[in-house]
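Each chain, written out:
4 protein chains.
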Amino acid sequence: MSLTDQLPKKVVDNMMARDAYSQWLGIEVLSVAAGHVKLQMTVRKEMLNGFGVCHGGVTFALADSALAFACNSHGRLSVLLNASMAYPAAVNEGDVLLAEAREESLSNKVGIYSVTVKKAADETKVGVFSATVYRTGKNFLDTIESEEK
Amino acid sequence: MSLTDQLPKKVVDNMMARDAYSQWLGIEVLSVAAGHVKLQMTVRKEMLNGFGVCHGGVTFALADSALAFACNSHGRLSVLLNASMAYPAAVNEGDVLLAEAREESLSNKVGIYSVTVKKAADETKVGVFSATVYRTGKNFLDTIESEEK
Amino acid sequence: MSLTDQLPKKVVDNMMARDAYSQWLGIEVLSVAAGHVKLQMTVRKEMLNGFGVCHGGVTFALADSALAFACNSHGRLSVLLNASMAYPAAVNEGDVLLAEAREESLSNKVGIYSVTVKKAADETKVGVFSATVYRTGKNFLDTIESEEK
Amino acid sequence: MSLTDQLPKKVVDNMMARDAYSQWLGIEVLSVAAGHVKLQMTVRKEMLNGFGVCHGGVTFALADSALAFACNSHGRLSVLLNASMAYPAAVNEGDVLLAEAREESLSNKVGIYSVTVKKAADETKVGVFSATVYRTGKNFLDTIESEEK
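Chains as they are written, first to last, in the working numbering: chain A, 1 to 149; chain B, 1001 to 1149; chain C, 2001 to 2149; chain D, 3001 to 3149.
To be clear, the hints were calculated from the coordinates, so they are not data collected in a lab. The structure displayed is predicted, hence computed values, not measured ones. Worth double-checking, as some hints may not be accurate.
[To be verified] Between beta-carbon pairs, the in silico distance windows are:
#1 A:Arg-44 <-> D:Ser-3146: 33 to 43 Å
#2 C:Lys-2045 <-> D:Val-3096: 24 to 34 Å
#3 C:Ser-2107 <-> B:Ala-1120: 50 to 60 Å
#4 B:Glu-1123 <-> A:Asp-142: 26 to 36 Å
#5 C:Asn-2139 <-> B:Lys-1010: 38 to 48 Å
#6 A:Ala-89 <-> B:Ala-1089: 25 to 35 Å
#7 C:Lys-2045 <-> A:Gly-137: 35 to 45 Å
#8 C:Ser-2146 <-> B:Arg-1044: 52 to 62 Å
#9 B:Gln-1040 <-> D:Arg-3102: 18 to 28 Å
[Unchecked claim] Residues from chain B shown here face chain C by an in silico Cβ test under 7 Å; the list is partial:
#10 Val-1079
#11 Asn-1082
#12 Ser-1084
#13 Thr-1132
Where a beta carbon is used, it is the ideal one built from N, C-alpha and C, also for glycine.
Could you build all of it, start to finish, from the sequences and the hints given here?
Put into structure tokens, the structure is as follows:
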């Protein structure tokens, strides 16, 4: 495995280890490649809204974590500018959700990503997410190392 | 105070009492009127992402709760179809956030809402959210009462 | 070919024949299937903005026509509620654009669609579009026939 | 009137004079200030879609022109990254539309704008648009002058 192949996994491992909220969500990283990430999480009672179904902010957060891992996987520190999400179906307590982030486009300054969220049990689509990120000039791993010194 | 004036507050009180995730977020309801809601929450350590700032999903969830309370305040059970959010500035641990939902448009089947999220300290805008909801034919309070029987 | 297979083409032919703006854009329908449509158009001088590149509203309109044809292809009159578009690269005069609409999700009342717009010459992505539509109870072809009587 | 006050009008006059598509739309500039623009246009027969109402791409284009004028009014060449639009009501032939762009947020690299589109006759809202732009380091008027030499 070349260094290039290892970078996406190294970045995502470092991000996940520091990401308190993704940990609270119970996110598991299923796979990582440059610009492409698959995550899984299970919906718990404390994630439900006033109608007894999963809060829209939780489904969005899963997609947003998938996006963040995918766009930072190239090693350049990238920040979310804008995201939109459509909600085709409700999500219930106990549902296992799968999120898959794909890179639609990548230029020097800007990246565009799509994330699909499905129920693991029957592949029902429950979230269709797309986002635009700004790519800073900073190297994510350098940033971490300088903080640790 | 007429019954019409009381309805929005009654709906939101009932929604908030049942909304486990908004409770986890620590959301406080500052004001409620038909189609118009103000909320407040404080960003805690467990809401931070891998960069040490507030996870985008948390800011989105605050806006989404404001939207849900605003669109259901008319008494008709309403569900989120689509939302988009722009992120003008980062949010830090300890920041107190204010979210204000406004009704842009309301028809028989569809409502459109804008939510602005600001830091309470200096009014820095940190989220510009807009959403489209579908208005079902169900009465929210009837739905609750039939469940309680 | 079964009647079901013929319906999408029949609907799109009727829509396109009546769609003055898609005709002005010079849209050609490359292929039609249920929930899936490919269109092509060439960018002309009168479609450019003040920077001398294709106006964002023109690229959006191509995607929106693809969406409209795809969501109505099932025969149920469907109307656009919300759309978002990201613009990864500029489009120039003379560029031939391809738009492909795909159905992400379809329920009784709501459909979610993605449309990708590319340059035909080199497949550069120039638009990433997603939209939510409301499906009315009306039959599109019945509506046309009753108007024609 | 100070030079600062004159800049937005000078920029928008120059943009509009070069913007072939906004001219085709028949856009009139009603007012211009830094980050704030009002436009008007009338819906013509060739702007209608297959349902005989105004094509969604035309309403979007009006909002997009308002955005482009507003975000460039500061003199820095700015490009659209992402926009979303909700469609609360249909627009008919002959309707006079008013679009008002407001700056939601402005930082060194990024601007966020909202545009509301209404019918002039009765103030019915027909478009709720929001967009994120990237602010380049180039001066718009310098760019024009260097082209003209």
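Outcome of range test on Cβ distance (Lys-2045 (chain C), Gly-137 (chain A); 35 to 45 Å): holds (37 Å)
Hint check for Ala-1120 (chain B) and Ser-2107 (chain C) - Cβ pair distance inside 50 to 60 Å: violated (39 Å)
Beta-carbon spacing of Gln-1040 (chain B) to Arg-3102 (chain D) - inside the hinted bounds 18 to 28 Å or not: Holds, at about 24 Å.
Restraint outcome when Asn-1082 (chain B) is required to lie within 7 Å of chain C by C-beta distance: Since chain C brings a Cβ to about 5 Å from Asn-1082 (chain B), closer than 7 Å, the hint holds.
Satisfaction of the Ser-1084 (chain B) interface hint, Cβ to chain C closer than 7 Å: holds (6 Å)
Distance restraint hint 33 to 43 Å, applied to the beta-carbon atoms of Arg-44 (chain A) and Ser-3146 (chain D): About 59 Å separates the Cβ atoms of Arg-44 (chain A) and Ser-3146 (chain D), which means 33 to 43 Å is violated.
CB-CB spacing for Ala-1089 (chain B) and Ala-89 (chain A) relative to the 25 to 35 Å hint: Holds - the Cβ-Cβ distance for Ala-89 (chain A) and Ala-1089 (chain B), about 33 Å, lies within 25 to 35 Å.
Beta-carbon spacing of Glu-1123 (chain B) to Asp-142 (chain A) - inside the hinted bounds 26 to 36 Å or not: holds (34 Å)
Ser-2146 (chain C) paired with Arg-1044 (chain B), Cβ distance criterion 52 to 62 Å: holds (59 Å)
Proposed interface contact between Val-1079 (chain B) and chain C, which counts if any beta carbon pair is under 7 Å: violated (10 Å)
Cβ distance range 38 to 48 Å for Asn-2139 (chain C) and Lys-1010 (chain B), holds or violated: holds (41 Å)
Lys-2045 (chain C) paired with Val-3096 (chain D), Cβ distance criterion 24 to 34 Å: For Lys-2045 (chain C) and Val-3096 (chain D) the Cβ distance comes to about 27 Å; the hint holds.
Hints 1, 3 and 10 from the list above are not met by this structure, while the remaining hints are.
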